[in-house]
Every structure is written in structure tokens, then in C-alpha cells.
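A.B. asks: Sequence:
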Amino acid sequence: MSSITTNSDNFTQPRYLEPCPVVATSGLSEKTGPPSRANTHVTDAEPHPGLFQQTNAEVSRLSCTRTDNRKPANGHLTNRRIAAAFTFFLIISLAVFTGPAAQAEAASPYGAKAVEIAASKRGAPYVYGATGPREFDCSGLTLYAFKEAGRKLPRTADEQYEGTRHIPRVQRVPGDLVFFPAGATIGHVGIYAGHDKIWHAPRPGTRVRLERIWSGNVRYTRAT
27 MSSITTNSDN FTQPRYLEPC PVVATSGLSE KTGPPSRANT HVTDAEPHPG
77 LFQQTNAEVS RLSCTRTDNR KPANGHLTNR RIAAAFTFFL IISLAVFTGP
127 AAQAEAASPY GAKAVEIAAS KRGAPYVYGA TGPREFDCSG LTLYAFKEAG
177 RKLPRTADEQ YEGTRHIPRV QRVPGDLVFF PAGATIGHVG IYAGHDKIWH
227 APRPGTRVRL ERIWSGNVRY TRAT
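Adding 26 to a residue's 1-based position in the sequence shown gives its number in the numbering used here.
It is worth saying that the hints were derived from the structure and are not from the lab.
Once the Cα atoms are required to be at most 20 Å apart in a straight line, the calculated EDC-like pairs of lysine to aspartate or glutamate come out as: (1) LYS178 to GLU161; (2) LYS139 to ASP222; (3) LYS173 to GLU185; (4) LYS178 to GLU142; (5) LYS173 to ASP184; (6) LYS173 to GLU142; (7) LYS173 to GLU188; (8) LYS139 to GLU237; (9) LYS223 to GLU237; (10) LYS173 to GLU161; (11) LYS139 to GLU174; (12) LYS223 to GLU142; (13) LYS178 to GLU188.
All of these numbers come straight from a predicted model, not from anything done at the bench.
Whole structure, please, built from the sequences with the hints as guidance.
C.D. replies: Shown next, in the form of C-alpha cells:
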């Protein structure tokens, strides 16, 4: 061991007093004995200048990569949901808005012509039992209009109702027959013209005219 002199210029510090790295231990107990190299680290060691900077950059890059990798998947999933919703909406729209068009294609081939014939008789007087061409009762007008269109109907309103195909209201199109029940029988008939109106010969003292359907209790048939 070196001695210490009183002269400060000649002071010589013993080697055991020289600074040495501080060693920290972790996870040690009295039973484990001296710390192993695996459980020690030097606290005053200077880190490599770019170590943490490089590590942070790498972590950031990896995080961005994972995020970017998720975005296309989420984007594809969102696009698929939008496409599915649009397809569903399109199907419903077609069912709702093209329904009348599809029904019109399936309408009687005589219906449109019968509407034209009935309209051409506007103003003709009602005469009970008349079947045209200048005077009509209600079933006489429908009989005449469809005969001119190429489809022969029975004579009376009851017979016309029984002799044509019954359809629900939602399927009605211009040219269909509209029947007004009167108890157990049919009391009146006209030709549907669209927009909730019919061509008909109403009653004695009136003339053939276009009129809005005035009752909710009506039945529809189609002469096919």
C-alpha cells in the first residue's frame, strides 16, 4: 500500500481509492451469494450514441408497419360492408320501383286497347241493357270495349267477374276490370284507367265518363 505524504504536489492516491464502476445487483438474496454476470449491469457505462435513437426509430417503423398493415384489411372490410349494403338497397329498390313495370308487362294484352275504346265513348248516354256503339249500361261498356280490343266478355257484370282472373289491388294496371259488390252480387263494373280512376257508364241519366274510384270495397280482375 502506498503512503500519503503531506506535500499535496507529491500526493499519490492509493489504487484502492481510485474510482471504479458502480455495480448494481437485482433479484439477489442472501442465499444466492455473489451476483452473477447475468444479474449485473454497469450504471456508469456510456451508451452507444445512436443506440436509443435507432431503437426508437425502429420501434416507430414497426408500429407504422403494423398500423399500415391493418388499414388495408379494415378498408377492405369497410368496402365489403358498403358494397353489401348497397346491393341490398338496390334489390329492395328494384322490387319496389320496378314492380309496377313488371306487372304492366304481365297485364292483359287487351287492357290498354280497351281503355282507349272506353275513352272514345266519353259522353255516350247510359241506357239500361245497351251494349253500344252509341248507348251503354255499365257491363255493356266493358263488353263493347273488350270486344273491340279482341277479347269477348260475358254479358253481365256478375258473369264478367266470374269469367276473368281475380287479382289483388296492388297488381292492378290500366285495362283491368273494377267491380263494385252489392251484397252477394256485383252491382257495377268499370275499366281501370290508372291513377285510381275508371271509365264507366254510371247509371240512368248520366253519361260515360272518367271518375275517381269512390269506394274502398272494390275487386279487380284481368281479362287475359
